[in-house]
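Asks: Take the sequence shown: its letter number 24 is residue 591 in the working numbering, and every next letter is one higher.
What the hints contain is simulated information worked out from the structure, not anything from laboratory work. All figures in this text were calculated on a predicted structure; none of them were measured in a lab. Possibly wrong hints are sitting among the right ones.
[Said to hold, decoys possible] Label-pair distances were calculated between CB atoms; the ranges are: (1) Leu780 to Glu702: 18 to 24 Å; (2) His651 to Ser620: 18 to 24 Å; (3) Trp623 to Gly686: 36 to 42 Å.
[Stated by the list, open to error] Here are the simulated SDA-like pairs of lysine to any residue, each with C-alpha atoms no more than 25 Å apart in a straight line: (4) Lys768 to Arg619; (5) Lys634 to Lys768; (6) Lys658 to Phe639; (7) Lys768 to His651; (8) Lys634 to Asp611; (9) Lys589 to Thr718; (10) Lys634 to His656; (11) Lys768 to Asn758; (12) Lys589 to Ser602; (13) Lys617 to Glu598; (14) Lys634 to Pro605; (15) Lys661 to Thr718; (16) Lys661 to Asn743; (17) Lys661 to Glu585.
Don't be surprised by glycine CBs; every beta carbon is placed ideally from N, CA and C.
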Amino acid sequence: MVTTLQASRVDLETLTAEFQLKAVQVDGFFEEWRSDLPLVSEADRTFLDKVRSGFWNAIEHPPLLEKAIQIFVLGPLLLLADFHLPPFHMKVEKSVEITAQDNETIVRGQIDILVLREGFWVLVIESKESSFSIEVGLAQILSYMLAQPDTSRPTFGLIASGGSFVFLKLVRGAVNRYALSRVFEIRNPGNDLYEVLGVLKRLASAVGEDLELNGRLS
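Between the sequences and the hints, there should be enough to build the whole structure, so can you do that?
Replies: In structure tokens form, the structure reads like this:
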């Protein structure tokens, strides 16, 4: 009998058993979030300081829901990363589906935001309201990342939960391996959004370099 699950309700145990998913904690597997990051300009830093101030203003007037996170925090970050400009474009609430090898388990859901370059996936983004932890969105976004149609390339993801951000990398194979970055927090001293923006730009560059190397771009 076929079991159909909603991605928002799937758990890591199911993904591990049915989709051969495995966490990796080996140095070198996911270097893109911490190496060769581009410099963030002073103008962008000034703008991100305003975003951070806006976040603090928003949490003083709860609840800080998912849509508010997308408007106050994600929107400005994606704008500064130039994901709204060619060669990139974004899709919102993109429907996806994955099926286990035995065809007995199907997971369906909608990606909050999908960044693409000429049809190729660049970044899967899942946003959560501030009352949810990063772990709540982990299995959900991994199920979306498993739906990447081009299994020959790594898939990158971002969970934004309130003022917390974590990046993911998934590599497909006989075993589907994934790893996480450290958690970036708006609440930390300084402004972690500088680094979040740097990682966004670095991942976009990494995908572009991979596509060019393999002659995938027009």
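Asks: Next, verify each hint and record whether it holds.
Replies: Now for the hints, and whether the structure bears them out:
no. : hint                         : in the structure
1   : Leu780 to Glu702: 18 to 24 Å : violated, 35 Å
2   : His651 to Ser620: 18 to 24 Å : holds, 23 Å
3   : Trp623 to Gly686: 36 to 42 Å : holds, 38 Å
4   : Lys768 to Arg619             : holds, 19 Å
5   : Lys634 to Lys768             : holds, 23 Å
6   : Lys658 to Phe639             : holds, 18 Å
7   : Lys768 to His651             : holds, 13 Å
8   : Lys634 to Asp611             : holds, 23 Å
9   : Lys589 to Thr718             : holds, 16 Å
10  : Lys634 to His656             : holds, 20 Å
11  : Lys768 to Asn758             : holds, 17 Å
12  : Lys589 to Ser602             : holds, 23 Å
13  : Lys617 to Glu598             : violated, 29 Å
14  : Lys634 to Pro605             : violated, 29 Å
15  : Lys661 to Thr718             : holds, 18 Å
16  : Lys661 to Asn743             : holds, 22 Å
17  : Lys661 to Glu585             : holds, 23 Å
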